[in-house]
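A.B. asks: Make the full structure from the sequences, and use the hints.
Residue numbers (numbering that gives the first Met the number 0), protein chains in the order written: chain A, 0 to 1303; chain B, 0 to 96.
If you're looking for bench data, these hints aren't it; they were derived computationally from the structure. Just so it is clear, CB atoms sit at the ideal spot from N, CA and C, and this is done for glycine as well. Hints may be right or wrong, so weigh each one.
Output of the computed footprint for chain B on chain A, the stretches with three or more beta carbons under 8 Å from beta carbons of chain B [unchecked claim]:
1. 254–262
2. 278–291
3. 761–771
Over the 12 Å line for every Cβ pair with chain B, so calculated as not near, a few chain A residues [stated by the list, open to error]:
4. R505
5. H634
6. A1288
The residues making up each chain are set out below.
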Amino acid sequence: MAQDVAAALEAAGTESYPLTEAQSGLWYAQRLDPANPLFNTGQYIELLGPLDRPAFEAALAQATGEADALSLRMVEGREGPRQFIEPSNRPVLEIVDVSAMPDPEAAALDAIARDMATAIDPTRDPLAGETLFVLGPERHIWQQRVHHLAIDGYGMILLTQRVAELYNARRRGTTPGGPPPSFDVVLREDADYRASARRQADGDYWRALFEDRPEVASLAPGNPVSAFSFHRSAAEIGPAAFAALGEVGARTAIPWPDVVTALTAAYLQRHMATPEVVIGVPFMARLGSGAARVAAMLMNVLPLRVAAPDGAPLDDFLGAVAKSLVRARRHGRYRSEQLRRDLKLIGGQRRLHGPLVNLLPFDETPRFEGLESRLEVLSTGPVEDITFTFRLHGTDGLRLEVDANPELYPEIEVEAHAARLKAFIERAVAAASPDEVPLATPEEAHRHIVTLNATAHPVPGATLSALIARALAATPEAPALRFAGRTLSYGDLDARSAALAHELARRGIGRGDIVAVALPRSLELIVALIGVLRAGAAYLPLDLAHPDERLGRILASAAPRLALARAADAPRFAGRVDTLAPEDWPEEPTGAAPEEPQPDDAAYVIYTSGSTGEPKGVVIEHRAIVNRLEWMRVHYGFGPQDRILQKTPATFDVSVWEFFLPFLAGACLVVAPPEAHRDPVALARLIREERVTTAHFVPSMLAAFLAEPSARGLALARVFCSGEELPADLRERFHRTLKAELHNLYGPTEAAVDVSYWPAGPEDLSRPVPIGFPVWNTRLYVLDERGRVQPPNVPGHLFLAGVQLARGYLGRPDLTGERFVPDPFVPGERMYATGDLALWRPDGAVVFLGRSDHQIKIRGLRIELGEVEAAVMSSGLVRQAGIVAREDGGTKRIVAYVVPEPGLEVETLRAHLGAHLPDYMVPAAFVALDALPVTSNGKLDRAALPAPDFAGSGARPPQSETEKRLAALFAEQLKLDGPISAEDDFFALGGDSLQAVGLLLHVREAFGRDPGLGALFAQPTLAGFARLIDAEAGEEDAGLGPLITLVEGDPDLPPLFAIHPAGGISWCYGRLGRALSPRRTLYGVQAPALAPGVATPESLEALAADYVARIRDVRPEGPYHLVGWSVGGIIAQAMAVRLREQGARVGVVAMLDSYPADVWRGEPDPGEDGALKALLAIAGHDPDRLPALALTRESVLVFLRATDSPLGRLPDAALDGVVRVVSGNNRLVRGHFHRRYDGTILHFRAALDHEGRDLAPAQWAPYAGRVEVVDIASLHAHLTGLEAVAAIAPALAREMAAAEQKED
Amino acid sequence: MAIEPADIRRIVTPVAPVTREKMRADIAKMLHEDPEEIGGDDSLIDLGLDSMRAMNLVLMWSEGGLELEFSEFAENPTLDGWWKLVSARQDARAGAA
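C.D. replies: Structural data, given as C-alpha cells:
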C-alpha cells in the first residue's frame, strides 16, 4: 500500500503536495476513526422566491472551480500522506426534484441527513458535494457538504458568499469581484510558516504558558472521542442582553465577542469548581494572511487558561481574559496538535483543553437577489466533547448553539446548558462580579428547593413511647420478639417494659434524663430500650467492646443517671455511674406511672466519632424519630405479617428503626444472636428459619452476605441498605442472588436515621445508585460554596432540613452551631451541613458523591471510586474490595484492597481493569487481604488499611519477553538511549501519532500482531501495551481440546458456542467473547483431528453431529447460540439443522462471512499450500505479504517460532494437526450439501472484501428460513480483529438477548 | 461575508461617511494607543490587533450601510490597505446613489 506516490504522480504529470499542518491533525484523527461521518462539514440554505436556476448553476460552477481545495484528493505515501488536485473530483451541482413528493421538505431533509451521515474516504471519494433540492417552483434547498480536510467554517462562509456574489452579479448584470486566491497560497503560507522563526517563537510562547501542566477537566468525565453524531440545543440571547453585552464591551474597550467568551469560561468554571479552566477557542488564522479569502481548512483551536474570578469585579475579570485572548491570537498560528505533541499530551485521556467556545460575530446568511434565504449549519466537524457556539443572529441578537458528544452528555443536559448559559450571561452583564451570578436558572432553583422538597405529610403528634405503649396493649397475644428460640408476646413485652419504666421512675429517673444501655443483643436489650423510653428518659447505647478510655469520655459527657448492664459488666462502670442488671428488674409494674415524655423530649443519644477524635453525642427527639418510623411504616406497607431482623448494634442508629418499627406495625422482631451480624452463614440460617421478611445491611456486609452460598435464593419482602454507598454492581448481584425488594436509604445520625430513599429494584439501572428523594417533612439541598442552589448534575454540599434534624450535640453548643445553621430558604428553621457532596440528577433524585474532604482528583479528572470498585467486583476475581485514594509521599494514588478468590493473579485483575476502565482509574496498587477491616458499625475501616508497597513502582524494568522486545521497539522508534521502564508511556516519552504508526508497523513485524492505533492510545504504557499484545496472542493455555472455555461469563445466561474456522482452532473468538455485554460463557469448538491419530470425519454432517453431541454434553438444554467464521459458519448451519431435528432450542446462528459450499465446490482444492497459508493467517500474518517465505511445512513452522507466535510454541504434532485439519476441512466443505435450516441466519458480511467475486449472503437463502445481513466495514481476514469485533459484538449480544426473550 | 445594509434594520438613517482619520482613531482606541502612533503602512497585527478586534472595527464601519467584507480586510491589515477598501466602497456607493 505504502508506495512512493509522489514519484508516481509526478510521472503521470500531476504535482502533489504534503498536507498542511492544519490538515495533518485532521488526517490522523480521521484515520483513527474512518467511519465517522462528522468529518463532513455541511450546511443547507433554504431559498424562497423565484430562483434563476441557470444563473445559480453558473455561479456555483464558477465558485467551486475557483475553490480548488474542494477538488483535493489524498493519497497515502511512504513519506506520509500527500494531496493533489483531482479535476474530476470537483463538485458538480446535483439537482434533485422532490416537488412531487407528499412532503417535499421532509424528503429533502431526509436525503440531506442521509448524505451527512455517510462517511467518505478522502483517498477515494470526492471531498465535496453540492445538491439543489427543488421543493416547488419558488422553493429550493441548497445543500453543501465538504470534508473538513478541505474547508473550515469560515471557508464555508466564503464559498457560500462567493456563490451569492456571482449569482447577484449575473442577475444585476454587474461585474463581480475578482476570484479569491488559489489553494497554492495556502500551501505556500503553510510551508513558509513551518520554516519560520515565528513558528519557533510561537511554540516557545505556548510551551512556556503550559509548562506547569494545568489540570484540564470538562463538564463530563470520560474519554473525549467523537461519536458519529451529536446533540444540539439552541437558545436565543435577545436584544436587551445583546445590547448590554455591547455596553460592557464599550465600557471596557473589549470586543463583545471576547466578553461572551470570558463569561462562558466563568460559567464553565463554576460547573467544574476548579481554580482555573482551560477552554478551547477556535481561531480563524486568517488575519494578515494571503490565504484570508481562500475556502480551505486553516482553523486552529487555541487553549485558553482562565482563572476563576475569585470575587474579582466583572471588568477586571473580562480584562484579564481579553488580554489572554489577544496574546493567544498573536501566537495563534501554532497548531494545537503540535502543542499537544510538545506537551506530550497524546494518548490516554489527556486533554489540552476542555469545552470549546466558538464566537462567530458575523452574519453568515448569504443574500441572493430577489430571494429570501435561511441558513442551517449542520456540522462543523467532529464534536469530541461539548462546543458552545454563538452566532450573530440578525444584527441585534445572538444564537447560542450547544453541540455535545452524545456518549458524554445526555440530550436533557445539553438542553439545560443552553438555557442555563443564556440565563447566566444575561445576569452576568449586570453583575458586579461573575461570582455573584447564581448558576441555576430561577426555574431550576425553584424546582430544587420547593418542588422536590414538597414533602409535607401529617404525622401523629404522639411520642415514640406513647405509640409503642398503645401498640403493645392492642394485640397482647401476638408475638413481639423472637430470640434464641424464645418468644415474647406483645403482652409480655408491655408488662416487662412498663415494670422497668416504673422502677426507673421509682429511682427518680424521668423526662430530661439519660439512661445508658450496655447490653448485648438479647430480649433484655429490647425491654431496656422500651423501658427507658416509657420512663420518659432518653437512652444512650454503649458498646462494651470500646476501650475503657472512650467509654469513660462518653459517660463523662452524657452524665447518664443509670446504666442498664449485666452484673458481670458492672465493674466497667464502677465509680462512673450506678448500674442495674436485668436480674434485678421487676417483672410486673410496681407503682407510680412515670411522667409521659413530650414530642420535643430527647428519645435517644447516639455518639458518633468526631473529626477531632472526640465523640459527639447526637440528641434525637421523639418528634424526629416518630416522623422517620411512621414514614417507613406507611411508605413500605409494614404490617403484622412482617418479621423484622434486628442485627445492627444499638450504637449505630440504623438499629433504631429495627428496634421500634416492628411494634408500630404490629410485626415481630427477630433478634439475631450477639456477633451474628458479622457471620453470613448464621444470618442466612436465621433469615431462613425465622422467615424474616425485612433485613438491613450495610453494603459492604451485603457483599459478604451475597458471597455466602447458603444465602443464594433466599426470599424476603425487602432489604434495606444504608450507611455506605450502595454500589450499582452490588445491586445487580443482589437481584441475581436473592428474591427481595432492595431499598437504598441515606441519612446521618444527625437527622434521625434516614432522610432519603431510593428503590433499587432490578429495573433500576442507575449508576451510581442515587440516595433518592426526601422522606416526609424533610428537605434536601445541594448548595454551592456561597449557599446557592446548584443546578442538576453540578456537585455541591448536601444540607438537610425538616422535622428529623437532631436537637444538636449534647453539651456542645459550639459544634451544634457549626453544623446546624439557619435555613436560608425557610425562615426560622435550621439546616444541617452533612459534609457530604452530592448532586441532583435531572430527574430530581439526589446522588451521593462522597465526603467533601475526600474529593478524588487525579490529573484533573474526577474519579468515582465506586466505579473502580464496580469494575474490580465485576472481574469475578475477588470477593470483596475497598477502593481508597491514598496520599503517600505527596502522590495521590488509588489503591485497591481486595479479598481475592483463590489463585488470583494481581496482573490478571489489573489486565481486567485495564480493559474496563480508563488508565487513570486503574489502581496503582493492589493489596490482598484475608478480610477487609470494618469498624464496629460494619463500615470499611479506612484507618486500618495497611499502606501499599509502592517500592519499585515507576521504575520496574521490563520483565516478560514481550515487554523486553517492546521496550527495544519503543527505544528504536523514539531514538532513546536510556532504559525504559514498564510504566513508561509511549507518548510521554515523546512519541507522536506518526511515530505511533511506525511503532505499530514494527510491532506487527516483530510479533505478528497489531492491536491497532486505538489500542496504543488507550494503553500507551509499555506494560499496558505489552499486555494487549499478549492478549492478542490468544490464550496462553494452548488448549487444543475439542471444547474449550474461551471466556467465563454469567452462568445464568445461555453460553455462546464458537465453531472453529478452517484451521480447526477457535482461539480467534476470544476477543469477540470478551466484548459481549452482558458477559456470557464462550465455548470454543475445535477440531478433534488436531490431536494426532484422530481422523477427519467422513463428512461435514458427521462432523456437525459430533459437535452437537459435544455441546449438548456441557449444556443439555438450549437455547444454543452458535457462531462461526468462514468454514465455522458452514458447520454452525449444519449443527443448527441437527439441533432442531433433535427438538433442541436453537438461539442465534451467526456467521462471520461464511458462504455456502456450492460456491467453493467448483474451485480447485488449495492443497497443502493453502493449508500452510491458512496456518500463517491464523497466526496473524497475511501470507500474501510474505512472498519470500517458502510454503513448505518446515519453513512455515520455523517462521512461526521465530516470530514468537503462540502457534510456534505448539508441539510439532499439533502443528501437523492444524495442517491436516485445514486440508480435511477443504475436502469436507467441497463434499457437503446443505440441508435447510428453518430459522434465521445472522450474517456478518465482510463488506470491504470480495471485490470481483461472486460471494453474497443471499446465497444462503435456499438453506435458511431468513438471512439477516449485517455489514461490517472489514476484510474477511480481520473479522475477529478489534474494529470488526467492536461492531459485531453489540449486534450479536442484542440478537442473543432477543432470541432468549422470545423463547422465555 | 457581506454585512449588507438592508439587514441592519436598526439603522434607518445613514451615518456620516467613514474617514481615514476616523479609522485611525477607531483603531487607536481599540489598541489603547494614540492615533499618531498608527502609521499608514504599519502592520496592525504588529501593533497588537487581533482578529476579534479587527472584526469589531469592520462591523463598526459597516454600520452606516457600507458593504465591507472582513476577509478582504484580513488580507492586508494596515491603515492604508483598509482605507483603500473603505474608500473604494464609499466611492462606489456614492456613484450608485
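A.B. asks: Look at each hint and say if it fits the structure.
C.D. replies: Verification of the hints:
Figure legend: the segment 254–262 of chain A, annotated as covered by chain B; annotation consistent (4 residues with Cβ-Cβ distances under 8 Å, at least 3 required). Figure legend: the segment 278–291 of chain A, annotated as covered by chain B; annotation consistent (8 residues with Cβ-Cβ distances under 8 Å, at least 3 required). Note: the segment 761–771 of chain A has 0 residues with beta-carbon separation from chain B under 8 Å; the three-residue rule is not met and the coverage is violated. No beta-carbon of chain B is positioned within 12 Å of the beta-carbon of A:R505; the least distance is around 86 Å.
With a least CB separation of 58 Å from chain B, A:H634 remains clear of the 12 Å interface cut-off, as annotated. At roughly 47 Å from the closest C-beta of chain B, the C-beta of A:A1288 stays outside 12 Å, upholding its exclusion from the interface.
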